[in-house]
Structure formats: C-alpha cells, structure tokens
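Visitor: Since each chain sits alone in its own frame, please combine them into the complex, following the hints.
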Amino acid sequence: MSRELNAIVMLAYRDLIRFLNDRPRLLITFIFPVLFIGVLGGSLQKNLGSNVGFNFMTFVFTGVLGQTLFQSTASGIISLIEDRENNFTQEIFVSPVSRYTIIIGKIFGESLVSFAQWIGIVLFALVIGVPFTLVQILVMIPVGLIICFFGGAFGVLVLANLSGQRSANQIFPIIIFPQYFLAGVFNPIKELPPILLFFSRISPMTYALDFARSIFYLGTPDYDKVVIFNPVLDFAVIAIMFTVFIVLGTYLFMKNERNR
Amino acid sequence: MTPIIMVKNLVKKYQKAKTNAVDDITFHVNEGAFFAFLGPNGAGKTTTISILTTTLSKTSGEITIAGYDLEKEHSHVRRNIGVIFQNPSLDRNLTAEENIRFHAILYGLFPFRPTFALMPEAYKKRVKELSKILGLDEDIFQSVKTYSGGMKRKLEIVRSLMHKPKVLFLDEPTVGLDPLSRKNLWEYLNFVRKNENTTIFLTTHYLDEAEDADHICIINHGKIITSGTPEKIKSDLIDEYLLTDASNRDNLIAELKAKHIPFKLDEHIKIDLKKRRIQHLLKSIDTELSFVQIHRPTLEDAYLEIIDHDNE
Numbered sequence: 001m002s003r004e005l006n007a008i009v010m011l012a013y014r015d016l017i018r019f020l021n022d023r024p025r026l027l028i029t030f031i032f033p034v035l036f037i038g039v040l041g042g043s044l045q046k047n048l049g050s051n052v053g054f055n056f057m058t059f060v061f062t063g064v065l066g067q068t069l070f071q072s073t074a075s076g077i078i079s080l081i082e083d084r085e086n087n088f089t090q091e092i093f094v095s096p097v098s099r100y101t102i103i104i105g106k107i108f109g110e111s112l113v114s115f116a117q118w119i120g121i122v123l124f125a126l127v128i129g130v131p132f133t134l135v136q137i138l139v140m141i142p143v144g145l146i147i148c149f150f151g152g153a154f155g156v157l158v159l160a161n162l163s164g165q166r167s168a169n170q171i172f173p174i175i176i177f178p179q180y181f182l183a184g185v186f187n188p189i190k191e192l193p194p195i196l197l198f199f200s201r202i203s204p205m206t207y208a209l210d211f212a213r214s215i216f217y218l219g220t221p222d223y224d225k226v227v228i229f230n231p232v233l234d235f236a237v238i239a240i241m242f243t244v245f246i247v248l249g250t251y252l253f254m255k256n257e258r259n260r
Numbered sequence: 261m262t263p264i265i266m267v268k269n270l271v272k273k274y275q276k277a278k279t280n281a282v283d284d285i286t287f288h289v290n291e292g293a294f295f296a297f298l299g300p301n302g303a304g305k306t307t308t309i310s311i312l313t314t315t316l317s318k319t320s321g322e323i324t325i326a327g328y329d330l331e332k333e334h335s336h337v338r339r340n341i342g343v344i345f346q347n348p349s350l351d352r353n354l355t356a357e358e359n360i361r362f363h364a365i366l367y368g369l370f371p372f373r374p375t376f377a378l379m380p381e382a383y384k385k386r387v388k389e390l391s392k393i394l395g396l397d398e399d400i401f402q403s404v405k406t407y408s409g410g411m412k413r414k415l416e417i418v419r420s421l422m423h424k425p426k427v428l429f430l431d432e433p434t435v436g437l438d439p440l441s442r443k444n445l446w447e448y449l450n451f452v453r454k455n456e457n458t459t460i461f462l463t464t465h466y467l468d469e470a471e472d473a474d475h476i477c478i479i480n481h482g483k484i485i486t487s488g489t490p491e492k493i494k495s496d497l498i499d500e501y502l503l504t505d506a507s508n509r510d511n512l513i514a515e516l517k518a519k520h521i522p523f524k525l526d527e528h529i530k531i532d533l534k535k536r537r538i539q540h541l542l543k544s545i546d547t548e549l550s551f552v553q554i555h556r557p558t559l560e561d562a563y564l565e566i567i568d569h570d571n572e
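Protein sequences appear in the order of chains X and U. Read in our numbering, the first sequence has 22 at position 22, and its numbers run on one by one without any break. Read in our numbering, the second sequence has 492 at position 232, and its numbers run on one by one without any break.
The hints are simulated quantities; they were obtained by calculation from the structure and are not laboratory data. Please read these numbers as outputs of a predicted model, since none were measured by experiment. It is possible that part of the hints are untrue.
[As the list claims (entries may be wrong)] Facing chain X, according to a computed beta carbon distance under 10 Å, are these residues of chain U, among others:
1. Ile341
2. Gln346
3. Ser349
4. Asn353
5. Phe370
6. Thr489
All residues carry an ideal CB built from backbone N, CA and C; glycine is no exception.
Looking at chain U on its own, in the form it has when it is part of the complex (with noise of 0.2 Å):
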C-alpha cells in the first residue's frame, strides 16, 4: 500500500507560546486505511490536524497529502480532502442543502443556481440519494437551526463527501452526540469506507473509537508515544501478569526458583504472562496455592496508564 499522508519532523510553536504544541513528529497514513490519533486534551491533536488541512502553518517539517506537497500545492490538497471540524461548520441560517449546494460549488462541481430546483439532475440525484441514506430525507429543505446535534453531524459528513475526498479528516467527531448519534455516525463511515475506499483520519480522545483502526498513533505532550496496530500496542502497553500466593510461601519462593521461573515479591507474588501461557505455569507448580489472581488490562486501561505515566 502507497501511504497518502507523509508527515516528516512537524513542528509546530505558536507564536508567544513557550513550548512547541506539536514537537518533531513522523508518522504516515495508508491509502484507505483508518488511522486514529488517540490522545488527551491539549496534547497536539487538533494543531496536526489544522496544518493537514491547510488552516494553520507549521513550524517546521515536511507533508505530502496525495502525493501534494502542502506547502507548496494548497489547492491541490484542499481537492483531495475533506474535513469535519470540531465545532459544527455549518451555516445555521441556510437550509441543508443550501449549506451543500455551497460546498459542491465551491469546489467546483457544479456551476452556481439559485435554487435546488435549477441545479442539474445529477446534483439532485446525489443529495436525494445521501439525505435517503441518513434517513434525512424531506429535512434536507429545513434551516439547520431545526436541527439536532447527531443531524448536524450526518450533515457535515454528506457535505464533506459531496467531492470525493481521498481522505476524510475528522476532528472529535463524536464529542457531545448521544450513544445512539455516535453509533450511527460510525456504522455510516464504515459503509462510507468500503464504498469509497477513503481514508479515514480521525483524532479522539475516546480509546473505543479508535480500537477499531487500522493503526493508532498515541500522542502527548506534541511528541508521539507509541503508534501500530491496535493489536501490537495492546501486546506493547499492556502488562500480563499472574498475582498468587501460598500459605507456605517461603516453599512456593524456593520452587519458583528451582524451576527458573522469575518473580517479583510485593504484597504477592508477581509472575510475567508475556512470554508464559497461563495453564503451563499452573500446572508446573506443585505447592498447594492459596490465591490466584490474573491481570489483564484493557486497551482503556492501558492507555489510561501511559498517559498517567508520561504526565508524571
């Protein structure tokens, strides 16, 4: 796979600040992959995803989007992609499809009429069609005022895929939907994804939301933390281990020792699951056990716990 998104060495100080929000990063994003940037508030995220697409300038560093160099080829990015800010960016005093009529047109797709009803049929046709699939149908001719947060969003994302973006940037989607909204936003990007083969560029703070990516990066303090799979930064980040004890410890002490099996002592005895398959260990021990406690953190846990740790 041909990676659409190369970032080398960002940097980004904004101006009176002290320290750089986002501080030599590097990573690159996959053509029609999902890749989440997972991180707290205020670690750099929203900064990236303003200077991807081309709102805010970057210190230093180089990207290319769609083969685009973003310095140099602003239009020729701004085609290629679309993007669901953090706060809504619709106009509330147009209907929805004026607020999508703007966009195609501004983006050159079709040429301007006043009315939906002048608009060529294949305009017609795909507003009809996208509105359908949202289950906005006759909504689509209200004034977005009359709208709900979920309508909003649904809103945003038909505009956003009115021109075929080849990435689609989404900056906290989710913040302020109900389950319910959430749940439906992501079933329709994932239809969205197999449909359209786009790429999908999503920044969270919700660890749920991005386990289903292909590829997460975790950022903090504008430096990345770790990034892979959602599998191998599970198997990274997490700590497996065994918590048991004997009422004769000095004796289970001794045989853990005879056998090589190494241990930590704290309140109990600490045994590493990483590299040991739980029923062997169990089985390979003889004294008589009087407590067996396995840890196995979630993902959630896990990044609660990195993030803990790279605060402190």
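Chain X on its own, in the form it takes in the complex (with noise of 0.2 Å):
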C-alpha cells in the first residue's frame, strides 16, 4: 500500500516539476484569465453590468476559476498522450505499480498544476479590484480541488477514446471550447431556449462551475441571480459523473493500450 502511495505523490510530483520547468506553459496558462476576466468581464461590467444587476467581474472571475481548474485538469490528463508519443507511457506502463494508481497519481498532478494557476488567477483578481471576501476564496479551495478532480475524471475517458496527438489537439478544443458557454463562464445561462438548455444540462462543465457559484455566492443577495441548482445537487451529479468518468475511461485506456 505505501508503495503504491508513494507511487502516486512520485507520479503528482513529476507533474508539477514539469510544468515549473515549461516557461512556455507557464505563460499561455495566465495569458487567457487575464483576457477573460480583465478584458472580456471588465468590458461586460461596464457596459451591461447595470442591466443584470450583479457585477459582472465576479461572475467572469468565479466562472474562469472554476473552468480554469476543470479544463486544465482534464487537459493535463490527456497529455499522457503526448507521452506516449514520447514513449515515456511505456517507461511507466511497464513499472510495477496498479493502473489505477497511475491515473489517480496523474489526476493529483495535474490538480497541483491546476492550482498553481489557481493562485495567479486570485491574485490577478486582486490585483484589478474584483470583490471578494477571504472567505469565499477560502472556501474556494477545497471546492477547487472537487472540480479538479471532476475535470480529470473527464480528462480519462477522453483520453481513452483519442488515438494520438493529433486527434487530442483536434477533439479536444471541441469538446471544451463549446461547454465555456453552455456551462456559462461569461454569459448568464439562467434563461436558454430549449435545445441550448439541453445542451447545457449534459455539459459536465455546467456543474462544476454552478458548484463553485453555489458555494461562492452562498449567503449573498446576488446568489438567486447567478445559481442555478444548488450546492448539494451540483454535489451529487459531480459525484455520480464523476465514478462513471473514471471506472469507465481507466478501463477503455488500459483495454486500449494493450489490445492494439
């Protein structure tokens, strides 16, 4: 069992010296909550934020957090294929250590990763004025760490469907990029007409960041106007995602890596 512990901080800890050592990475990752909270929330506040009647700037930055978190997560997970391309899976693979162990270990790194952005992304909040309590961002933590963990989940079974590097770079940006508005990262998604709500409803994305918001916005006035569920269904769907996520991607990867 320690082994098998020891194994996974090793496997979490090589994640996150990768991505201390990755400038490049390091630099793309800030660059876009700066765009999405500093330039598209601030130009939304000043410009519709008397219409909605909740500050725009909070909403922006709760929703990159949560997106942040679950799509860097899950992005993480899929580079066990570039990897494999690196042959450095093999190197892996071939060590004595349960499967499981690995994608959990993997999941816990790029968790650390994802909350290394998470600091810069407060900070950056701080920094241009987006109002918060200590206790919210607090709470924020461990709330981060559940979406991290949803996103990773989700990173699996898109990993165990992808074939190589290409298809990630190609498949990936679909699958995502549509969910930031459907789950509603900038845009209010209280209101949808029909198709779009259905959409909405199945996009993972929705519940990890009504799940923040929930959390975030608890006890305040603005939380009818922005929350959707609430923080125990949000909860509950992540949960039940989350254990279909996980048992189904680690058996379609291992099956697939071994059945060619």
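Guide: Given below as structure tokens:
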C-alpha cells in the first residue's frame, strides 16, 4: 500500500516539476484568465453590468476559476498521450504499480498544476479589484479540488477515446470550447432556449461552475440571480459523473493500451 | 541451467491485420544468458518484446518469466524485468537524476522525497556509483534535454538496472548511435552481465551485435527460421565449398568420379567442403588445376542469404 502511495506522490510531483520547468506553458496558462477576467469581464461590466443586476467581474471571475481548474486538469490528463508518443508512458506502464495508481497519481499531479494557476488567477483578480471576501476565496480551495478531480475524470474518459496527439489537438477544443458558453463561464444561462438548455444540462462543466458559484455566492443577495441549482444537487451530479467517467475511462484506456 | 523465459506457441494478430505479426513461435532463454533475437525490420521482434514486457496483449500462447505467468502475474513479471525501449523513454523535462528517482520510487525501492539531498544514503550512493561508471558524473543533475543520444541510452540502462532486474530487455538499443557510443554501450552491458548475472534479451537487425550472444534466434515474417549458438547457426547456414577448374576439365571430372568425390558443374566445378578438409581434397587430386577458389561466407553473408531466401 505504501508503495502505491509513494508512486502516486511521485507521479504527481513529476507533473508539478514539469509544469514549473515549462515556461511557455506557464505563460500561456496565465494569459487566458487575464483576457477573460480583465478584458472580457471588465468590458461587460462597464457596458452591461448595470442591467444584469450583479457584478459581472465577480461572475466571470468565478466562472474562469472553475473553468480553468476543470479544463487544465482534463488537458493535463490528456498529456498522457503526448507521453505515449514520447514513449515515456511505456516506462510508466512497465512499472509494477497498479493502473489505477497511475491514473490517480496523474489526476493529483494535474490538480496541483491547476492550483498553481488558481493562485495566479486569484492574485490577478485582487490586483484589478474584483470584489470578494477572504472566506469566499478560502472555501474555493476545497471546492476547487473537487472540480479538479471532476475535470481529471473527464480527461481520462476523453483520453481513452483518443488515438494520438493529432486527434487530441483536434478533438479536445471541440468538446471543451462549447462548454464555455453552455456552462456559462462569462454568459448568464439562467434563461435558455430549449435546445441550448438540453446541451447545457448534459455538459459536465455546467455542474462544476454552478457548484463553485453556489458556494461562492452562498448567503449573498446575488445568489438567486446567479446560481441555477443548489450545492447539494451539483455535488451529487458531480459525484455520479465522476464515478462513471473514472471507471469507464480507466477501463477503456487500459483495454486500448494493451489490445492493439 | 533453468530457463528464465519460456515462450510456447505465441501468436499475435493485430486488430484489423490480415496476417499474424508473430506466428506460433516457441523458444526459451536460460538464466544469465545473452539471447539475441535477430531479424529484419517488420519481422515481429518488437511485437514479441512488447508482449514479453507486458505492454501488449497476446492473441494466444503461454509465457512464463522468472517463474511467473505473464497473463496472471503481471506485476511479479514487471518487478523482475528491466526494459530499454526502441525509442528513448526518458522524461526530457526532468533532470537525469529525477528520471532515475522516478523509476526507483515507482518500483518501491525507496520512499518519496522531493529532492536528491533528502533521499536515503543508499540511493545517493548508488546513483553516484552508477553515474561514475558511465562517466556521467556531474551531468546527472542536468536536464535530459542537454544529453546526447549515447548519454540518453546509458542513462536508460542505469535506470533500468536500479531495481536489479533478472532479465534486461533491449529493443534495438543502438539504433541511431555512432560506432563509439555503440562500443561503449556494449562494454558496459557486458560488465553488468558478468557482475549481476543479468539475463540479456536483445533484439537487433545488426548481426555483429548478435555474434557475441550465447544463443541466437532468427525470426522473419513472424516465424522462427533458425536458432542455436552462433557456431551452430554458422555451420547450419554457411555453405562452404571449393570452386575449381582445370585446363583439361574432362580429365578432372573423370578423376573426381573415379575417386567418389561428389561435385557440381556450373561455371566451374563446385565441391562441398562441409565434410572434407581442404588440404586432403587438394592433395588427393592429381590433375593439374588452373583455378582454385574457396567460398567461405561470413555469418553476415549467411544471414542475408537466408533472409533473402525466406522473402522469396
């Protein structure tokens, strides 16, 4: 057991070191939050803020926080494909640790990486003056961790169905980008036409973001204007989806790895 | 000697493939042996080694390694093998030492520590020793990105030997290396073999690398064409003969017939040398010879001949 734990920590640690050594990636991960919160959130707040009845910067900030954690962990898991093409996966897969250990270690590692970005986003929000309290930010730590794991499980399922780096580069944006709008990273989705409502409800990121916002806005006057469901329902959906994604994803991934 | 690898009727058919990549092969490898799996590109070498190292599932057949069933006892098999893959499998974003540490911890040799300085003394000593032997010394703390092809191979070998595997699999390890790096690599591998009694399973398409093996298996189109010691393969494969002629050819032919020496007549007269010594043969011929040539191919020629023959 301790062997597997050590392996999980090592796998996770490797991801963190890789991230810190990878300067271009470091830079890119901070550019998007700056664009989204600073530029998009800032301009929407100035032009539409008074009409929607709640602070748009805060709304976009919570959205980007959830989206970054979800997406970054998912795409980190998908980097196992890159490893496979660099053949580092082989080194991992001939080692005598359980296949579940490998997946869990990878999810932990990518969650760590996502949290490094989380810190960057919060600092940036502080600098440009997005209003939030200390308690609101502190509760975002455990909530963020849950979202990371959820994104990781989503990544495992996507990974299991991809054949190589090329298809990963092509397919991942197609399944992640629409979710920005369906889950409402920067657009309110309280009211939606039926077809969008359907797609919004089946997109996993919707529940990740609503969970983050339901906790963040808890007890504030804006709660009803922003939150769609409630924390309990969101958490239940996340728990069910997480279990299905991780079990099915790991099973398919292992099967496809060896049965060629 | 007890076999450490046993392979019985192994078959692998890739999904959507029409033919078997590995087609019913059976062989065994003795403990401490240097076993070479030789064949041209696409013969089924990498497929076989992938199955033996548990990264690819077989279609049918039975395999045991170090006494463990490959199918049912994955993790025991993995603990007893080391693998050097065809393409370098290092993490280029880490330092060499971090690559080694990653391996050592995954194999449960040492507990996790975030830096080299905090690792147990035994680990530090081993890493320092190994890097000294290989002449990597201080480079061991450099990023793998700065490493040359030869250094990467050495590092992979150091890493794969950390857990003292019983069998070391090497899949065409010298592809892309210059002659000097190749030579250094072999010197080190021989050193390891003598010191640790590690069984070496090598796949290669370079015959000269296989010539030092205890046992060679030649594979083509997924089937074993021949196997045995290099000497046996040499004697099986190599067609040694004498080409000769005389200005009075009829006279020579008559003499050979009279003395019951079998021959073939092509451009010249061809006499098989497998069962007779050349000096005796020449002594026994009285007719004056105008032409004498001995055909004695190298193992390389013989190998190319059988691969060529098999492809027809």
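Visitor: Give me the numbers of the hints this structure contradicts, sorted from smallest to largest.
Guide: 6
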